[in-house]
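Engineer: These protein sequence lines map, in sequence, to chains V and Z.
Counted the way this note's numbering counts, the first sequence spans residues 207 to 722.
Counted the way this note's numbering counts, the second sequence spans residues 1143 to 1455.
These are computed hints drawn from the structure, not numbers from a lab.
All values reported here derive from a predicted model rather than from experimental measurement.
Treat the hints loosely; a few may be bogus.
[As the list claims (entries may be wrong)] Computed cross-link-like contacts, EDC-like style, restricted to lysine to aspartate or glutamate with a CA-CA straight-line distance of at most 20 Å:
| no. | chain 1 | residue 1 | chain 2 | residue 2 |
| --- | --- | --- | --- | --- |
| 1 | V | K403 | V | E278 |
| 2 | Z | K1311 | V | D349 |
| 3 | Z | K1311 | V | E278 |
Okay, here's what each chain looks like letter by letter:
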Amino acid sequence: MGKTTAGERETVLRLSGITKQFGALLANDDISLSLRRGEILGLLGENGAGKTTLMNILFGHYVADAGEIEVEGKVLPPGLPAAALAAGIGMVHQHFTLAENLTVLDNIVLGTESLWQLSSNSQKARTRIRQLAQEFGLEVDPDAIVASLSVGERQRVEILKALYRKAKILVLDEPTAVLTPQESAALFETLKRFVAKGLSIIFISHKLGEILAACSRVSVLRGGRLVAERGVAGVTRSELAELMLGRSIPQAKAEIQKSGEVVLGLHGIHARHNSQVLDGITLDIRAGEILGIAGVSGNGQSLLADVVSGVAVPTAGTLALKGATLSRTGPRVMVNLGVARIPEDRHAEGLISDMSITENVISESYRSAEFAQRGFISWKKARGFALKIITAYEVKCPSPEARVRLLSGGNMQKLILGRVMANNPCLILANQPTRGLDVGAVNYVHEQLLAARKRGAAILLISEDLDELLSLSDRVAVMFRGQISNASPRESTSIKDLGLMMAGHGLKTGNQSHAA
Amino acid sequence: MEAVEILFTASLWAAAIRIASPLIFGTLGELICERAGVLNLGIEGIMTAGAFAGWLTVFLGGDLWLGVAVAAMVGALFGLLHGFLVVPLGLSQHVTGIGITLLATSLSYYSYRLIFPSVTSPPKIEPFQPWPIPFVSDIPVIGEALFRQTPLTYLAFVAVLLVAWLLYKTPIGLAIRTVGENPSAAEAQGVDVTLVRMGAVMLGSALMGIGGSFITLSAFNSFFFEMMNGRGWICVALVVFGSWRPGKALAGALLFGAFDAYQLRLQQLAGAYVPYQVFLMLPFILSIIALIIMSRRAAYPRALMVPYRKGER
């Protein structure tokens, strides 16, 4: 580990007094920080703390309202990605910026040659990419189409894009969000190799463990302000957590309770949709238990959720609810049977953002006798229902007539929770229920799920956050390429085992292959 | 049978290639726009404007090639207008394109009426004459079909090669393909998305203008109303048929040309028994069938019709 005292090293990048306002939101408030040659600086903060905004200003995607950026003593002109690239700044975005139908080579070479050149020298470029890949341990085929690569490989392409341009400063925005724990560990090793060769890295994350494992220094952002700078050597996890949150938040913990009879039984489910497949899924979920599903995204979890909520129809296999095999599925059938869902993407599938809160909360039940009388909707009752949810779940909003678009992510999720819990469901399908929420809201969602479990609901929890799965679930199963492992009790499961299974090792259901 | 014998005549294939020529230009033009992520439904009007502007230049005493150049320029100007409305302003590409078609068409007709207020028969020019290519034009059937065409037809074939080379072999082509696939990826690599899209739309529209001028400077020798007759819309379909690839688009244009040339001859043969409208329909029906077969798995540019706004997530 290269924990050298970075004190005497020269500063390669200096941000001073960066301020940026979006409407009423002060996203960055007078932030100053400096990066020294050959160090990995962690940028820690919750979602919405202003990390990504700050880096987008550095890279020229946004223009700051005030403040200045200096690279090796020279002022960087604001608002020009081309200037940032020329100054040697390379950025690996959280959401990859790759053109999927083009080759790796095309993606890397784009923009590095003069546009007026009559032909591109792809042979030379190919050789250089191979060299870089070998030197830094980032193996990838230059002529592969990006769409055919795994997520880990795509990230390598993103990093190669920066290295190909001889980047001296590398910014990685939440780079481990899409990786298995083992892939993350490999990435940290690669990063250490980079700094040993003189590169400097800014590592953005909201995960404390990663900051401690990868960085030598850490700057903490909270509410758009820089609240602390620490050397990683002397700092503890809980200290960082408190700096990041500004308060300490107790973790929701599942109490031990006995689970009841089987609520949902899937037997030999096969299904296919676009690139996703389900290849013989069999599982049982009991009343009063949370079954966690781990897996790298895209291994069939979304399709499994669609099958359970009735959106997708399996090509083979049976679904049974409380012991009765369903002859016919469909979203309405499942809702009527007491299946509630917290969808993966609140904006796309959970809520209709340009409609009001009232309209949204009755969207699953507007046909019921409660709200509909002789074909007319009783808006008075609907509004009362919305108000009840708003008070019970502490949704911050101006009124039930407000457009859902205006709510924050956490408040949207509270609204969905309110709608889901209102009918006292027997089965709750929670697909990535805390994605993109701040720590306070995450904790709230966890508490609600545990309360539902206590009431005796069966909960299918699909998540990419292993900490979340291990703190809430009674049993955990792993999905890989459309297959699922046997669910094992939480007590006998470790993050390391889950990580290996997420990469396809030791899955008990056949087909063992290596993920790249 | 006579209907089959027609298939082996040189004149059928010569006509097929002649009919295909304006479609090749138009399809290449539309293809470049769409590869950059911009649907250009102004094509029908831009081709009409090109046909009129090219013809007028020659009628007023200009050289035939000057006419082609003016047609290209007028096309590029309408491309600039379409591009400005849909790229920096991000307006609906469908609506804007149809608006451009209506504007360019009516503007051409209006100018025609202004300049020729009371002509009864359309004024004529001396159009491009066939350039037989020495030696190869003497090859039986093939020579007559391929190598006794007008220079604009040869230019159409050269344009296919040029566009393919531009798209796949040059940095500009890579930039065009990337802004049509994922503009934020292009932006992150320092490419100016607006500039590349505007340039592509103007270049594509210039090709559409040349395609229009083929009708008045090579196929016919005068300009009259409704002469574009939906050729622009055929080009939009041919781009899909060709899966956004210049070579396949060429094949599509030739196929359509062959259908059309064949139905013209069938009309003469069987016109007494079957109403001629049935034959007019034929190439379109066959094109629809070919489109269904060819484009079910077409991988369209991912960012087609998606406006790009800098700094938006």
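Engineer: Does each hint fit the structure? Answer for all of them.
Structural biologist: Evaluation of the provided hints:
With a C-alpha separation of about 17 Å, the suggested pairing of K403(V) with E278(V) holds against the 20 Å cut-off. The hinted pair formed by K1311(Z) and D349(V) meets the criterion: a straight-line CA distance of about 15 Å does not exceed 20 Å. Between the alpha carbons of K1311(Z) and E278(V) the distance comes to roughly 36 Å, so the proposed pair goes past 20 Å and is violated.
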